[in-house]
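Protein chains: 2
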Amino acid sequence: MPRFLDHASPDFEAAFAALLAAKREDSPDVDATVAAIIADVRARGDAALIELTARFDRVTLTLQTLRLRPEEVAQAADEVPDRVREALELAAARIRAYHARQIPDDAEWTDDAGATLGWRWTPVGAAGLYVPGGLATYPSSVLMNAIPAKVAGVERLAMVVPTPDGALNPAVLAAARIAGVDEIYRIGGAQAVAALAFGTDTIAPVDKITGPGNAYVAAAKRRVFGKVGIDMIAGPSEILVIADSDNDPDWIALDMLSQAEHDESAQAILVTDDAQFGRAVARAIEARLETLDRRAIAGASWRDFGAIITVPDLAVAAQLSNRVAPEHLEICVADAEAVAARITHAGAIFLGQWTPEAIGDYVGGPNHVLPTARSARFSSGLSVLDFMKRTTIARMTPAALRVIGPAAETLANSESLGAHGLSVRARLDRLND
Amino acid sequence: MPRFLDHASPDFEAAFAALLAAKREDSPDVDATVAAIIADVRARGDAALIELTARFDRVTLTLQTLRLRPEEVAQAADEVPDRVREALELAAARIRAYHARQIPDDAEWTDDAGATLGWRWTPVGAAGLYVPGGLATYPSSVLMNAIPAKVAGVERLAMVVPTPDGALNPAVLAAARIAGVDEIYRIGGAQAVAALAFGTDTIAPVDKITGPGNAYVAAAKRRVFGKVGIDMIAGPSEILVIADSDNDPDWIALDMLSQAEHDESAQAILVTDDAQFGRAVARAIEARLETLDRRAIAGASWRDFGAIITVPDLAVAAQLSNRVAPEHLEICVADAEAVAARITHAGAIFLGQWTPEAIGDYVGGPNHVLPTARSARFSSGLSVLDFMKRTTIARMTPAALRVIGPAAETLANSESLGAHGLSVRARLDRLND
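Protein chains in written order, with the UniProt record's numbering: chain A, 1 to 433; chain B, 1 to 433.
If you're looking for bench data, these hints aren't it; they were derived computationally from the structure.
Computed from a predicted model, the values in this text were never measured in an experiment.
A few of these clues could be false.
Covered stretches of chain B (in silico footprint by chain A; criterion: 3 or more residues with CB under 8 angstroms from a CB of chain A, positions within the stretch not fixed) [what the hints assert, rightly or not]:
hint: 1; region: 39-51
hint: 2; region: 218-232
hint: 3; region: 305-312
hint: 4; region: 406-420
Simulated pairs of lysine-lysine, DSS-like, Cα-Cα distance not exceeding 25 angstroms [what the hints assert, rightly or not]:
hint: 5; chain 1: A; residue 1: 23; chain 2: B; residue 2: 150
hint: 6; chain 1: A; residue 1: 23; chain 2: B; residue 2: 23
hint: 7; chain 1: B; residue 1: 227; chain 2: B; residue 2: 150
hint: 8; chain 1: B; residue 1: 150; chain 2: A; residue 2: 227
From the three backbone atoms N, C-alpha and C, an ideal C-beta is built for every residue, glycine too.
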């Protein structure tokens, strides 16, 4: 049974703290295995990749078949039903339009001292996109990772996708093609992350790796962090819905189940100011769970991590939501904007009952790669900025150096960094000659 | 002796690759020690902090003295010479002005489908700032880390600084005061990082930790990444100078030495289109090394990792610089902007001979916390954005859902995510009733 919490109850704080602290992820310690795999790929390159792929994916690759040929990609993409391809194209166009607005501005100005200052944004040179194989291959994730990179101006986008027992979802290749992925390799796991980070004879190294993966992929990304950039280490998905009684309980139930069905460790929380509505949603969830295809997964998630919380008013709802810092936040109340204005930590907000979270997973436009496990307290969803970096720029004139140089010299000397001080002093002396 | 490389030489590519690959950091594997320290702080809180501080810093703290009292901070700050305090204040004002321009804009728009989309930026709730103790305590680093956090709107900024044998640099406290740091604790090492990430009875946990530290601090930050946000793991400092013969060799020598004096693993590289000028800079460096206070450190850095590279023209200089992706890039040529326009990877650019890199370390305005070890390929210097996060926003209308909902349903079903599809379908059916 999911937990029912009432803010008015004397044990609420303890129950809510327990909900926040619930350990939802069962991530095995695979670090030693991953370290060995990375070392192997660094030492033996393609040979290691081929051997590890044979062992883990039961697929025999050669130097010629490691990378998919363009005609293989085209052919697979053609197998995708027209309706799906058209839906991917609509999604891609909307994701592209949203992310195009994220391209940051360069800046340059001259200040009172006469110093010209500013910054310039440039794209990462090459990015690698990890796409899980097997059952959980989501073409939508390919769009969500690849399009921001391409909008940022990344010239080379290499994708890796394992093909366990030779299986590869054609829709993933169709999405890659629509998004403009440049290279696709039939590899996965820690070995694929190592190949992207360090390169092999066949695969040139990249500068940044993004995309979801299992515990091995996550451990490998953490290990290569620093050598290349990585995105967040994603945890299980979560949704928090703030809803008043003026909603169809079945709609809210479906929205919550659409997180629960991702993963047994996913979490769906309803916060409502109407206890009776809360019970109605709980009943609707049970009813839907009887017929849902993924009822085993969704049911386990709901049973183990689901919660329905009753609050006296919507201000309290917002406070509790901020403590959860949910990946997805649906606000289904009369004045959703007023509640949204109180939200300080959330990955993505969906306003009003006509905005089911599933819209955001596919066609809304915003990215569906979002901070999980309370990390919305300090991080953001994937964006164009993840594929760009900023170079700061400064130009002094002799006059500007005269104004601010002496302070630099003073601080350098106070930090016992003599050459720093002298590099300023030598120039100031010339000005005084 | 530093390396002299000539782009025209047949073995240039091998020599340049060796320069890029030179292992400059000797980072001991302290991960097991750090894991034990973190576990201890999580288990025993303040008691562990006090015990570890006694062991590592030889300082006896109590629950009452863990945190510096405001009057202690004020008193120490008053000890700082007026000239230094005024220089810190000038630096702080300039850093604040530069970073204030980085505050990102929120956005909201309605698209053709009738969907209202956008995003909103909010500050991190609480940030922790690590400040090294002992010899390498730099008040300028306090300003560079604390001011962006405060400009971002971070409400609570907690600083940790170890006081080995009781020593604490008053200028560090003066800088903390000027920058608006809210809390200061006398702790350091992995134990301080653990306290900031997980909290103790005395220290509330933070959401983001920034600031430089030794191998223990770096390993601890890597371990708590995910629980909290962290900044880059910094490596040894580096500078690349592109200079033509129209420069004073002594100025360029001092600029290069001002990186070399930071650390025996620092790297200074000159790229010039005039071999004779290159030799003149090398002589000037040797001359300055005779009298420099930090000549032991700077000399080792220059001897082991320094390089002077001769190129046929400035376009090649820019290409080589991009392969290095230097933390600091000085461009001292007639048309510095033209060379800068060719730069794709660099942490910070300093234009023209009147802009010694040391200006950027203190009073220029841009941040001096910059990507090292070639990570400017994928990351940026510290900024206001490191202390903020973006929440995406979407609102559909019934009409918008009618336009884009069917594509979401198609994709959800193609990914076998039934509840996702049903959450859209239930609403579309209502519209068709």
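- Task: Quick one: which hint numbers does this structure break? Sort them smallest to largest.
- Result: 1, 3, 5, 6 and 8
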